[in-house]
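> Residue numbers (our numbering): 1 to 617.
No wet-lab data here; the hints were simulated from the structure. All values derive from a computational prediction rather than experimental measurement. Every residue gets a Cβ at the ideal spot worked out from N, C-alpha and C, and that includes glycine. Hints should not be assumed to be uniformly reliable.
To be verified - Computed list of lysine-lysine pairs in DSBU-like fashion (alpha-carbon distance at most 35 Å, straight line):
(1) 397 x 163
(2) 234 x 559
(3) 113 x 235
(4) 163 x 208
(5) 113 x 466
(6) 208 x 113
(7) 113 x 346
(8) 163 x 205
(9) 346 x 274
To be verified - Ranges between beta-carbon positions, derived for each pair:
(10) 333 x 235: 16 to 24 Å
(11) 542 x 6: 48 to 56 Å
(12) 296 x 174: 37 to 45 Å
(13) 458 x 400: 53 to 61 Å
(14) 586 x 218: 28 to 36 Å
(15) 424 x 555: 23 to 31 Å
(16) 338 x 543: 38 to 46 Å
(17) 250 x 24: 35 to 43 Å
(18) 419 x 595: 41 to 49 Å
(19) 255 x 24: 44 to 52 Å
(20) 458 x 5: 46 to 54 Å
(21) 218 x 168: 21 to 29 Å
(22) 269 x 481: 50 to 58 Å
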Amino acid sequence: MQDNNRTNRIVAFIIFVITSIVYLKTVAPTTSFWDCGEFITSAYIMGIPHPPGAPLYLLVGRFFSMIPFAADIGLRVNIISSFSSSITAMLTYLIIVRLIVMFRGTPRETVDKIIVYSSGIIGSLTLAFSDSFWFNSVEAEVYSISMFFTAFVVWLILVWYEKADESSSDKYIILIAYAIGLVIGVHLLSILALPALFLLVYFRKTKKIEWNSFAVFTLISGLIFIAIYPGIVKKVPNFMLYLNNTTGPGFTLVFLLIILGAILFSMKSAIDNKRRYIFLGLASLIVILIGVSTYATIYIRSGLNPDLDENDPENMTNMVSYLNREQYGEWSIVERRAPFWEYQIKKMYVRYFGWQFLGTGQTLGEDSRVVETLSPFGLFMIPFLFGIIGMFYHFVKDWRHGSFIMILFLATGLAIAVYLNQEDPQPRERDYVYTGSFMAFAIWIGIGAYALLDYFKTLSQKYREKPQQLLILVTALTLLFIMPINMFAFHYHSHNRTGNYVAHDYSYNILQSCEPNAILFTNGDNDTFPLWYLQYVENIRKDVRVVNLSLLNTHWYIKQLRDQEPKVPISLNNNQIDALEPRLWEEPKTVKFDVPKDAYLRDVGDIFEKRKLMEDV
1 MQDNNRTNRI VAFIIFVITS IVYLKTVAPT TSFWDCGEFI TSAYIMGIPH
51 PPGAPLYLLV GRFFSMIPFA ADIGLRVNII SSFSSSITAM LTYLIIVRLI
101 VMFRGTPRET VDKIIVYSSG IIGSLTLAFS DSFWFNSVEA EVYSISMFFT
151 AFVVWLILVW YEKADESSSD KYIILIAYAI GLVIGVHLLS ILALPALFLL
201 VYFRKTKKIE WNSFAVFTLI SGLIFIAIYP GIVKKVPNFM LYLNNTTGPG
251 FTLVFLLIIL GAILFSMKSA IDNKRRYIFL GLASLIVILI GVSTYATIYI
301 RSGLNPDLDE NDPENMTNMV SYLNREQYGE WSIVERRAPF WEYQIKKMYV
351 RYFGWQFLGT GQTLGEDSRV VETLSPFGLF MIPFLFGIIG MFYHFVKDWR
401 HGSFIMILFL ATGLAIAVYL NQEDPQPRER DYVYTGSFMA FAIWIGIGAY
451 ALLDYFKTLS QKYREKPQQL LILVTALTLL FIMPINMFAF HYHSHNRTGN
501 YVAHDYSYNI LQSCEPNAIL FTNGDNDTFP LWYLQYVENI RKDVRVVNLS
551 LLNTHWYIKQ LRDQEPKVPI SLNNNQIDAL EPRLWEEPKT VKFDVPKDAY
601 LRDVGDIFEK RKLMEDV
């Protein structure tokens, strides 16, 4: 058994090394488009990114930005995603092996060890080289760290499942609770793993499954989930704001200390009276709150007015608005904002799922996006077929853990598509939010590989001669390992960002085109965030004031433009700014702004002059 554990850990470490090498070879050398420039900048200057923030990511990013292993600050922060994804791939391997061992037992013979460990390798590398997972792994975004936490809590609950009868097993539940608290400071996606975790706890603690007990446990699990989200995440801050506005900050602080004291006293009482589950629940609550406390970083740093201070959450009112994402408005999951099946499911989930495991379409529409919902191009549907085999095989061998992975697959996939209720069109592809679902399917791919290898092992035993048995197994292993190798080869070119300075140079050219002390109007993420990176991280053209027209609809942004250097000449006072609101004209009007001809004819003339000179040469 000890030898098995040692071998398993060595193989897991090899997975980490292989994926780390690939990600570090293909990682972006500096900032990329979309949120990357904003997150790198926020981490480096400890600024405030868009709501609801990612304080733990900023703290980790700040730490990495201070390690001088690369000259480019963007590269230093990008590598966080690379290492996070490598650890996730390693954990996925460990999860696959543990699930296989749970239904087939610990492998004793050498051939059995090869089959089990190879299955884990195939599944984990399939995830590592899948489209969206690899994409997230080579840029500064929150999704790789979020996936690490998802894989971590899934692995922990499986460890707890095996050791639940031991007196020390509660430490795994407390560690899971702490991880959930921490990941709230990265992204909320990981808490969607909780329903699957609750289901596994029910299976482990219930000898005979009955509808009554299942209904009660589902209700309790639902209440715990609601207590975390929206309870701790949204309702507690709202209550604190109400308390602060009605009684003042002094009483609010005293009230919080009283609540904390009551929890600690109850924990001591539970220990004295040997109330194990009460203590476990209270301890889990405490560590979740400790994890969520990273949000104090947002409040504290905003009060120091960094150059990047979105929503200005330096007081309770703004902080609660920031946490609740009020800037983006509200939506209902009942009234669909786009065709449910054709757009929100087929185009915005099934199409992305196909990219990972079936293949990628080659036809681009008018919006420059892949048209085909499903296409076998590149991957030939092979990973998908193994995943389907693995899913059915898992349910046949161990339906409890099969149900566990199924809930994880649905909660981090289709459930997100239903909840997000996305509008048509979206400004960008959204495949990155479904990587938890893709991880669950990759687990089934590993189990599918085991099913095939186990079949070939049984087939080989019909032959008495060892060389024939060995030939059959080697052939099966070779065929299976072609799958992740093919995924690597197919995705390498499109995911290799070596030398990709497009976002950096594009932004540099924009800034350098401006006159001294210019006001530069931008509109979206891609013409704003990389510019912030150049100005606040690389200190390039800080005399230019970038004015984002989308953010110009918010009061806090107008005030910052007026007050922070370089200042925009705005004469409105705070009351006048707060009174600003959108107003519709009684009748539609067309607004025109006359541009002096010299503003563009001069540049056009220069172009023609240079072209003439080139023709003469």
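> Work down the list of hints and note, for each, if the structure agrees.
Checked hints:
no.: 1; hint: 397 x 163; result: holds (21 Å)
no.: 2; hint: 234 x 559; result: holds (26 Å)
no.: 3; hint: 113 x 235; result: violated (50 Å)
no.: 4; hint: 163 x 208; result: holds (19 Å)
no.: 5; hint: 113 x 466; result: holds (17 Å)
no.: 6; hint: 208 x 113; result: holds (33 Å)
no.: 7; hint: 113 x 346; result: violated (40 Å)
no.: 8; hint: 163 x 205; result: holds (12 Å)
no.: 9; hint: 346 x 274; result: violated (52 Å)
no.: 10; hint: 333 x 235: 16 to 24 Å; result: holds (18 Å)
no.: 11; hint: 542 x 6: 48 to 56 Å; result: holds (55 Å)
no.: 12; hint: 296 x 174: 37 to 45 Å; result: violated (22 Å)
no.: 13; hint: 458 x 400: 53 to 61 Å; result: violated (25 Å)
no.: 14; hint: 586 x 218: 28 to 36 Å; result: violated (54 Å)
no.: 15; hint: 424 x 555: 23 to 31 Å; result: holds (30 Å)
no.: 16; hint: 338 x 543: 38 to 46 Å; result: holds (43 Å)
no.: 17; hint: 250 x 24: 35 to 43 Å; result: violated (51 Å)
no.: 18; hint: 419 x 595: 41 to 49 Å; result: holds (44 Å)
no.: 19; hint: 255 x 24: 44 to 52 Å; result: holds (49 Å)
no.: 20; hint: 458 x 5: 46 to 54 Å; result: violated (27 Å)
no.: 21; hint: 218 x 168: 21 to 29 Å; result: holds (28 Å)
no.: 22; hint: 269 x 481: 50 to 58 Å; result: holds (57 Å)
Hints 3, 7, 9, 12, 13, 14, 17, 20 from the earlier list are contradicted by this structure; the remaining hints agree with it.
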